[in-house]
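Protein chains: 2
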Amino acid sequence: MTAMAEELSLRERKKRETRQRISDAAMGLFMRHGFDKVTVAEVARAADVSVNTVFNYFKTKEELFLDRRDTAEEFLAELVRNRAPGVSAVRAIRDDFLDAVRTRHWRYGFNPGADWWHQMVADSPALTAAVTRLHEARQEKLAAALADEADADPDDLTPRLVAAQICATLIVLTEQAHRRRRAGEAWEDILADTEKKAERAFDLLEHGIGDYPERVR
Amino acid sequence: MTAMAEELSLRERKKRETRQRISDAAMGLFMRHGFDKVTVAEVARAADVSVNTVFNYFKTKEELFLDRRDTAEEFLAELVRNRAPGVSAVRAIRDDFLDAVRTRHWRYGFNPGADWWHQMVADSPALTAAVTRLHEARQEKLAAALADEADADPDDLTPRLVAAQICATLIVLTEQAHRRRRAGEAWEDILADTEKKAERAFDLLEHGIGDYPERVR
DNA sequence: CCACAATTTTTCAGTGACTACAAATTTGGT
DNA sequence: ACCAAATTTGTAGTCACTGAAAAATTGTGG
Chain A
1 MTAMAEELSL
11 RERKKRETRQ
21 RISDAAMGLF
31 MRHGFDKVTV
41 AEVARAADVS
51 VNTVFNYFKT
61 KEELFLDRRD
71 TAEEFLAELV
81 RNRAPGVSAV
91 RAIRDDFLDA
101 VRTRHWRYGF
111 NPGADWWHQM
121 VADSPALTAA
131 VTRLHEARQE
141 KLAAALADEA
151 DADPDDLTPR
161 LVAAQICATL
171 IVLTEQAHRR
181 RRAGEAWEDI
191 LADTEKKAER
201 AFDLLEHGIG
211 DYPERVR
Chain B
1 MTAMAEELSL
11 RERKKRETRQ
21 RISDAAMGLF
31 MRHGFDKVTV
41 AEVARAADVS
51 VNTVFNYFKT
61 KEELFLDRRD
71 TAEEFLAELV
81 RNRAPGVSAV
91 RAIRDDFLDA
101 VRTRHWRYGF
111 NPGADWWHQM
121 VADSPALTAA
131 VTRLHEARQE
141 KLAAALADEA
151 DADPDDLTPR
161 LVAAQICATL
171 IVLTEQAHRR
181 RRAGEAWEDI
191 LADTEKKAER
201 AFDLLEHGIG
211 DYPERVR
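Going line by line, the protein sequences match chains A and B.
Following our numbering, the numbering of the first sequence begins with 1 at its first residue and continues without gaps.
Following our numbering, the numbering of the second sequence begins with 1 at its first residue and continues without gaps.
No wet-lab data here; the hints were simulated from the structure.
Among these hints, one or two may not hold up.
Repeated chains share a single entry, so a pair holds when one copy, or any two copies, can fit it.
What the hints assert, rightly or not - In silico EDC-like links for lysine to aspartate or glutamate, alpha-carbon gap of 16 angstroms or less:
(1) K196 / D156
(2) K141 / D67
(3) K14 / D48
(4) K37 / D193
(5) K37 / D115
(6) K141 / E206
(7) K196 / D155
(8) K196 / E42
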């Protein structure tokens, strides 16, 4: 037993290498030809493994694409749990979102390289569905975190409702940005505008949609 | 030309018959064995047509299940367009929803027979994804209607945000009801409670989620 | 270093949704 | 009855994904 706790067995190392090789091969092909145009068999050949080995590491073809999921599920929940004392959940997320827009950070998909990723997702119904499931998972974790923080009854719908509305707002904001990007608008212009739009969106979230569209707000 | 305008040609009648026969056969099998356990080939055999004919009428297997889609896409949009003068969009939908809960109407899935339908959707990831797409379509139509009513700029996000929040609320409310149903609770109990929960949910929607969970509301 | 167990990979042989296309059938009109 | 158009069917295939047994690889104890 020469291996220390941190060292990995040969087996474990090989497994990671294989997984990485498959993921890399897949990403390369996806970037060149698009998700739907690449077959799992082609990925397998490029990674020099059998098709079954691919499915051994990735349950579905979509998982190959979402392997390095920029969409950490726990992300929003953590944000709420770690917020400064006296700060509301919406405020914490609001501030974080605006900061991400201003710094073009990837955590909400506002980095320059995120373009082709969203383009690819938009082009594939299968991927879109998979991403939607990720969003749902993210929303559920947020709801759980909110329920904890408010220490609400299990049958209190409020945390679920709040989580749903926060996530809905975030999705509308990011979707809008990427829709405009796909339409050819300049990233910088979009982001500058998104910053203003986000302020408005979070105000709406905090203060309610009231009697829209009866009264001009 | 003996046919009057209202009469359908033999061809048209046969097509409708065939479509109906396929849909009926599919539903019968789905109800007996579950969506995932039934193959399109079995549906075709039960309807006494070829597999290709099934796909001639229904683009996907999911469409077979959603044929009589209780989820009319224009529904919420129409509600907003036809609301009484002086009534806000949220109010119109709130009143309609509460009415539906009280009268156990199917339009939000609150009829006694809706149980197995939601059970079946919950059991099949493919169906869940398809229903999610329907919800998205419904949300977009609502957003369009709201944009019209408010006569907003095309780049004003407000109608989209309002639509997203309304739909998110409706989904949380209905999901909750059906989750409890699947857990075995009595339909009547759930509905009575949903009525109260809905009031709370729409208040939140109208007045904002504020600084939840800092302050007990 | 060898035998043996555990794990991983491959091979083989499916299933099932869905597609393209040509041939066969049915219907509409004359 | 005949022709053209629409509908249905058969044939053959692609692709994601599954199951199970054989084959290769790695860990382990002697």
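Now for the hints, and whether the structure bears them out:
Taking the shortest alpha-carbon separations for K196 and D156, only the inter-copy value of 11 angstroms comes in at or below 16 angstroms, while the best intra-copy value is 33 angstroms. Taking CA atoms no more than 16 angstroms apart as the test, K141 paired with D67 passes in neither setting, with 20 angstroms inside one copy and 33 angstroms between copies. For the identical chains of this complex, K14 and D48 are intra-copy neighbours only, at 14 angstroms inside a copy versus 53 angstroms across copies, given an alpha-carbon limit of 16 angstroms. For the identical chains of this complex, K37 and D193 are neighbours neither inside a copy (35 angstroms) nor across copies (49 angstroms), given an alpha-carbon limit of 16 angstroms.
Neither within a single protomer nor between protomers do K37 and D115 lie at most 16 angstroms apart by alpha-carbon distance, with minima of 19 angstroms and 39 angstroms respectively. Taking the shortest Cα distances, K141 and E206 never come within 16 angstroms of each other, neither inside one copy (20 angstroms) nor across copies (24 angstroms). With identical chains, the CA atoms of K196 and D155 are at most 16 angstroms apart between copies only, with a shortest distance of 12 angstroms across copies and 36 angstroms within one. In the homo-oligomer, the alpha carbons of K196 and E42 never lie at most 16 angstroms apart, since the shortest distance is 45 angstroms inside one protomer and 55 angstroms across protomers.
Hint compliance for this structure: hints 2, 4, 5, 6, 8 are not met, and every other hint is.
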